[in-house]
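Protein chains in written order, with UniProt numbering: chain V, 1 to 248; chain X, 1 to 248.
It is worth saying that the hints were derived from the structure and are not from the lab.
The model shown is predicted, which means the values in this text are computed figures rather than measured ones.
For glycine and all other residues, C-beta sits at the position ideal for the given N, C-alpha and C.
Where hints are given, some of them may not hold.
[What the hints assert, rightly or not] If you want a taste of the chain V side facing chain X, the calculated C-beta under 8 Å gives, among others: (1) Lys82; (2) Gly191; (3) His194.
There are 2 protein chains.
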Amino acid sequence: MRSSHLITRNSGVAVWRQIADQIRGDISAGKMASGVRMPPEVELATRFSVNRHTIRSAIAALTKEGVLRAEQGRGTFVANAKKLTYRIGERTRFSEILSTQVRETKGVLLGSSLEEPTAEVASALGMHSGMVIRIDTMHTADNNPISCATSWFDAARVPNIIEDYRATGSVTAAFKRAGIDDYLRQSTIIGARHADAEDLRHLKLSPGAIVIVATAVNVDMDGRPVEYATTHFSADRMEIAIGRQSSL
Amino acid sequence: MRSSHLITRNSGVAVWRQIADQIRGDISAGKMASGVRMPPEVELATRFSVNRHTIRSAIAALTKEGVLRAEQGRGTFVANAKKLTYRIGERTRFSEILSTQVRETKGVLLGSSLEEPTAEVASALGMHSGMVIRIDTMHTADNNPISCATSWFDAARVPNIIEDYRATGSVTAAFKRAGIDDYLRQSTIIGARHADAEDLRHLKLSPGAIVIVATAVNVDMDGRPVEYATTHFSADRMEIAIGRQSSL
DNA sequence: TAACATTTGTCCGTATGTATA
DNA sequence: GTATACATACGGACAAATGTT
């Protein structure tokens, strides 16, 4: 399809990192299945037209990330596997979406605060006065970190959301305790950027990694906004799907 | 909100490039309006905790990209502007989506071929036999490149798609000529990755840049697939929206 | 067992790029 | 602009582990 082993020099991005990014991309795009043996270092070196040591730097970085696994005398193998798919629709529930793809999902509360809403947050939540509760969370699938999020709620509407989330590890469950039995996804805006320092720490990524940023508004059954959230997904572990069915 | 002027060292990404990426991101996120004067170099240097020479390297790179504009004796100014929003729904038409945000959009045919479909393409188009036509296209908004795409079509269904696209610069218009008056977006899968060499060339990006990859299936009014396409958007110039209305 | 090819791991030195003072 | 320290990339040589003949 679309594969060019081209390296740009003097670009501020080290050659070993460009190669590592390309290999990681190929793996997470499914071009090399889990457990498959990589071509030997010398072959990769000629393919990318670089020194073997440069290939070794790239492999070392990917080994540290857990994407590859090198064995002396035998070769280097693909350790990681396929991407998860996060399907966005009217009913978007984190654990439900992934339940068919992984054994277990978990949500952890990283921090929280009661704060004055910014114009953006107030507008998204349709608020004219009052405070908002902000919670920072991190989510894992089968104990692999896949996303971290910041959510804002109207403090008057769900005053106990912090405690409820900590107890349940789920916004859906926390909403139920606050009397919000159901809610719908009103809008989602999707972008992508380099992972920042926080992303690197929470998602266990290495610098230069990419995160998909989804900014969403959830509304109750009367159409009133109840949650405004931005979620950062590791682009190597997750893709977003829209529409009725997968085409792949 | 979420802004850390944090730099990761020894990551394979030069500090000047990390700073350039961050400034470019801030600009396209709308944090600095078009035409605004940048803070002086010394201030940026203290803000990022780096040497002034390093800031100069970052600014030089962004000037070369056209994101900033340096004026003799006056200072450095933001040349570029806000992100465009690509709203995905049942009726997704490239030029219609952007018509309210830009003056003019254009589609250019980069290349085309008649080929044996891969399993992925055949499955997406619901084909069991026959050849597919592949076209590579590039799209601009007000003469700025914002996306490039590869599309596949059933050759038996739209045999003249290449000529028709070249003449009209639009899939919608080319479909009309083939008797397909209307079509709907069935599914979209969204991911993000580093720009490859082709992306860099077509979208005029610099290495390390990020592209949003949207893989879509369009169906005719009878629900039969008519187009399978993967589009690469520059993540700095575009974001994807889903749902009824923007929340921002 | 032994010899051999293959592949990863480690060491040397050298030139250039990056970042600081 | 100059000087210094470190990261990056290259070239070569050899050691260590593995599998095969």
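Against the structure, the hints:
no., hint, in the structure
1, Lys82, "12 Å, violated"
2, Gly191, "4 Å, holds"
3, His194, "6 Å, holds"
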